[in-house]
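*Asks:* Chain residues, written in single-letter form:
Number of protein chains: 4
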Amino acid sequence: MIKASVIGATGYTGVELVRLLDKHEQVELKYLTSQTYEGQEYASVYPNLAGYCTKECVAGDISKIVAESDVIFVALPHGHAVEVAKKADAQGKKLIDLGADFRFDDGAIYEKWYKVAHGDHELLSKSVYGLPEINRAEIKEASIIGNPGCYPTSVILGLAPALQHKLIEPNSIIIDAKSGVSGAGRKLALTSHFVEVNENINAYGVGNHRHTPEIEQELGKLAGESLTVSFTPHLVPMTRGILSTIYATLKGNWTTAEVRKIFQDFYHDEPFVHLLPEGQWPHTKWVYGSNNCHLNLLVDPRTNRLIITSAIDNLIKGAAGQAVQNMNLLFDLPETTGLLVPGMVP
Amino acid sequence: MIKASVIGATGYTGVELVRLLDKHEQVELKYLTSQTYEGQEYASVYPNLAGYCTKECVAGDISKIVAESDVIFVALPHGHAVEVAKKADAQGKKLIDLGADFRFDDGAIYEKWYKVAHGDHELLSKSVYGLPEINRAEIKEASIIGNPGCYPTSVILGLAPALQHKLIEPNSIIIDAKSGVSGAGRKLALTSHFVEVNENINAYGVGNHRHTPEIEQELGKLAGESLTVSFTPHLVPMTRGILSTIYATLKGNWTTAEVRKIFQDFYHDEPFVHLLPEGQWPHTKWVYGSNNCHLNLLVDPRTNRLIITSAIDNLIKGAAGQAVQNMNLLFDLPETTGLLVPGMVP
Amino acid sequence: MIKASVIGATGYTGVELVRLLDKHEQVELKYLTSQTYEGQEYASVYPNLAGYCTKECVAGDISKIVAESDVIFVALPHGHAVEVAKKADAQGKKLIDLGADFRFDDGAIYEKWYKVAHGDHELLSKSVYGLPEINRAEIKEASIIGNPGCYPTSVILGLAPALQHKLIEPNSIIIDAKSGVSGAGRKLALTSHFVEVNENINAYGVGNHRHTPEIEQELGKLAGESLTVSFTPHLVPMTRGILSTIYATLKGNWTTAEVRKIFQDFYHDEPFVHLLPEGQWPHTKWVYGSNNCHLNLLVDPRTNRLIITSAIDNLIKGAAGQAVQNMNLLFDLPETTGLLVPGMVP
Amino acid sequence: MIKASVIGATGYTGVELVRLLDKHEQVELKYLTSQTYEGQEYASVYPNLAGYCTKECVAGDISKIVAESDVIFVALPHGHAVEVAKKADAQGKKLIDLGADFRFDDGAIYEKWYKVAHGDHELLSKSVYGLPEINRAEIKEASIIGNPGCYPTSVILGLAPALQHKLIEPNSIIIDAKSGVSGAGRKLALTSHFVEVNENINAYGVGNHRHTPEIEQELGKLAGESLTVSFTPHLVPMTRGILSTIYATLKGNWTTAEVRKIFQDFYHDEPFVHLLPEGQWPHTKWVYGSNNCHLNLLVDPRTNRLIITSAIDNLIKGAAGQAVQNMNLLFDLPETTGLLVPGMVP
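Residue numbers (this note's numbering), protein chains in the order written: chain A, 1 to 346; chain B, 1 to 346; chain C, 1 to 346; chain D, 1 to 346.
Please note that the accuracy of each hint is not assured.
Taking lysine-lysine and the DSSO-like style, the derived pairs with C-alpha atoms no more than 30 Å apart in a straight line are [what the hints assert, rightly or not]:
| hint | chain 1 | residue 1 | chain 2 | residue 2 |
| --- | --- | --- | --- | --- |
| 1 | A | Lys55 | B | Lys261 |
| 2 | B | Lys112 | A | Lys23 |
| 3 | C | Lys126 | C | Lys86 |
| 4 | A | Lys112 | D | Lys87 |
| 5 | B | Lys112 | C | Lys126 |
Keep in mind the hints are simulated off the structure, nothing from the lab.
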């Protein structure tokens, strides 16, 4: 059994990790930390787990937790994972960071967009960007995983085959993304207040959202050249789900059928990525509660653009589920262990 | 492996059955019938199952389906299960009806409230009301299960300990119930049209909802005397979940602690029924996607009334999950097989 | 023109007052106070008013505000209106408190349920409970109005004809109420966090909600005897609207038609209270954005109970609209001035 | 008083027209037609209007209705307005079509995208595209108004200043639009079924939505050259509101401040179009229930793109409100009559 601990277990990605790990047949939940709820039963904070999880929330004696765990999931806001990672690295333990601290190859880019010092640029060289469909081999050998952001996951999976096959102009990419409110976390804010969000949609972070450099870094690697994208996120009155609608200019003449073939081949063996039948555009509801990514695409001959939509559950494939998928890879388990659950409809 | 078929597989209780049975380790899905979608892939109707369920929808050659199945789930509107049940009975197969046709001891009551002929009153004597927490022993021996209605499930579980212990005046019971829209099914209707339901709540079926006689039948058995209740359902702008708020006058003087003790003892060994800590009132979200029923209660000394709230997921404990629980009992499997999933929060 | 100021103008009842008063043909908006947004344009806080309201938020120099206003609306949490009312009283100005400080005849009951000292019990004798349909004559002569709570408004309008005609047993009344989230205000709280509220319903304040004594006080006056009620509020995933479902045992034999006749006569001349046609149960959506109260009722002969449902917009008839209605009465304007707007459907 | 009739009065644009016209001080509602509800009181179909609208639904004796009306609003699906318009034209009456039949200069384009014969191409020459901010002068002289589609209204208002000032490359325009469900009307469909829409977002009509040629026609006129756009609509789980996010490549170097100045000048005298302060991105909730259009924009120097978001209430500025604005112009009334209502927040 893999002994797993979650640092920051009472946020929304935290509870999703707990729910997934609790039923994972190869995992023993070790420590769940929470500053706010220290000493309280975890199920009193999340009563959905009454009768399932009997752990208590503990304070963060990180050294002890690392020592007694095989893998540490860090589900804290950015800027807090490096200290944990140093300890894990020193003790030879695996660390999966669900924040942004280990997603960048270049610490300077992180510091520019996140406006905090990184703390340990060298550790970055030991970390891998944890998108299994792209970096599977590297992930297996890594000790620190930078678990991808929710938006970047949906975008990179949507564009990878097109970029790798050089179908599109790299600098023509426009990403219009829509997210449910759980992506903003459990922290109280007027922008997550029910009355402000309900019966409303709005763009936010236009031109400056922090997932932009992460998207550009990974798409650039797939394209084989650096590129710049427009990325505009929107807040949708729903709890879970991200839909990214992606526009790019085609380099030559392609038919929808030809591009579909390239995508089908690319994702042929992937258990979690599904190209839907032609004309059936992804609904976030169809991936609700699952680790799946649903894709569809169209070549629009009027504009010679490729249009792709990509749907994930932001808390699962966009966070906790992908983290478990990475853990499975790190520990040589079948990659789908504990994750083969379809979306819940209705 | 139990060979299971679902008659009427493309409604909302149908797809929930398919989702639960598909991952049930002791079940082989045999036939999924649909009049509307005959010949189409099931996953084209419910794309959440793309990559999971590879069955096709078939027309209803009931005799063949019964012959090749060990258990038949009927997920049709009321009035259509009797014909299937006759065939199942003749061939010695188990049948679980998720409609109302086998919920009543007295066919005349069914006919009065549902305004259709029953078709075979005798078969009723071979059927059992499938609420495991109350009728476990009888269910194990039955061949036909009348799977309880969603509202009655929440109400009976909420009141059983109080009635059995004769804490309350039977004729004082008032049930104010609130349901998500999936309870109304996938059939198109203005009352399920998004724009009419969103940002709205209303009562419906006041004084004449068909779940009333079902509730009265089962509560009457628990009370040991016939009784009459007020039952008022409401439509809430959400997909899943039922919350029943139940009021009853206490017969004597009881404290909240004393009544809690009685409920705790009553449900002590039940895997799916949880009395929450004092003051933590059930949220339907906490049982979302699970087979759980969450309860809480209060003795209000000002009015000498017992107030209980009871939350279930109407599609799981209120329909498909309970049907699987009944199947487990019918086939001597551990009762929780395939059902030990906590609610999904957030 | 009536010079009107709003103390606490940036909460949800505050902005609703501003919206209604801004278009009221007999009102000049004078001061809008806000601690949080002092010095900012009101329309920067509520951009829906861009192009409509050009006022700035000011700090609360109450004496000056009172001196320069004819009527002061207090839209603060309870416990803060008494100090303003003293100043208004001293200067002979009208005050309408949308909080609880002037709703009670007996200051001791206020202090028991609200757990703060009242500050000036004598002022209570100068205030009137501002429900125009019940207290119209007294309101016209008053200087301080205790604007009713949202739940009590829906309940008292629902029960007044039945109690005044002594149709029902006073102590048999059970009120099961459902509210949208705006009733909890703009203050950040986990219980108003989108992700916690969406796709959920729950009871709260069971047995101890502060609107209980207000309801009992006013219903007791209508009944001509003191009484005790069960009152259970619920939180519904919508922004606006309250639906109260009310149960009471009839004293004698009545038909639905007879009771309807009593209600129709009682509300015959009321512009804002509508008894819907038999069988058409109120939807909160139908009163959304209006000062209307929609009612319907049924005599259930099986239980000899009267069942009433009552729908209002909690921010309008349950708060700001009713306050404007009271202002109209205080200043001898036609009672409906600025309020004859139907509900917005869809 | 202007005598106004509504053909097809019980759909969602119909009821919005009725609500706006009913309170319009210069309008007398004459006939409300409905095939489904002929002979029923209008307020029984839309109970929000109980106590406000006392009209009955009538069948469509179009000749009589036209004869007795000064203006006829047609709120029918496309393909049904031409017959009414012929009669109105013959009798010299004004007609405002809320469908697509009079939006196109070239009947052939209509027929290609809508796949029906138009019926009278000549009448098109007598009609004007009814977007007052662009075509005010022509509207005043017209007899037939093609009231703009909801999506096109949001898009054209968002782009007009940029195109007229030749700031952007015409063929670089990408429009990612998001709409509430009321845009799909009251007609029952699985895609408007609550359970399918709630907690979901999806694209639809990708590459082939019928508003595309309408957008291209009007943007082309503003640009002074024909152009092609990418237009992708999405369905959002809310009732009202459209948000269009628009991307276009700038022709030269512009700052946000410079482009803001151009927009401010362009809309300086417009009562319904508001450019919000820099950084405050439009929320559809802020225009809910109003005839307003809220805009904001950003020049992104990283990509040299102009990003604009534009929010309207699809039923008001996107349909009924704009129709009333057009009527005001046709009858030389102040353009804002009956429409100066701010958005309803919360």
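*Asks:* Among the hints numbered above, which are violated by the structure, and what are their numbers in rising order?
*Replies:* 2, 4 and 5
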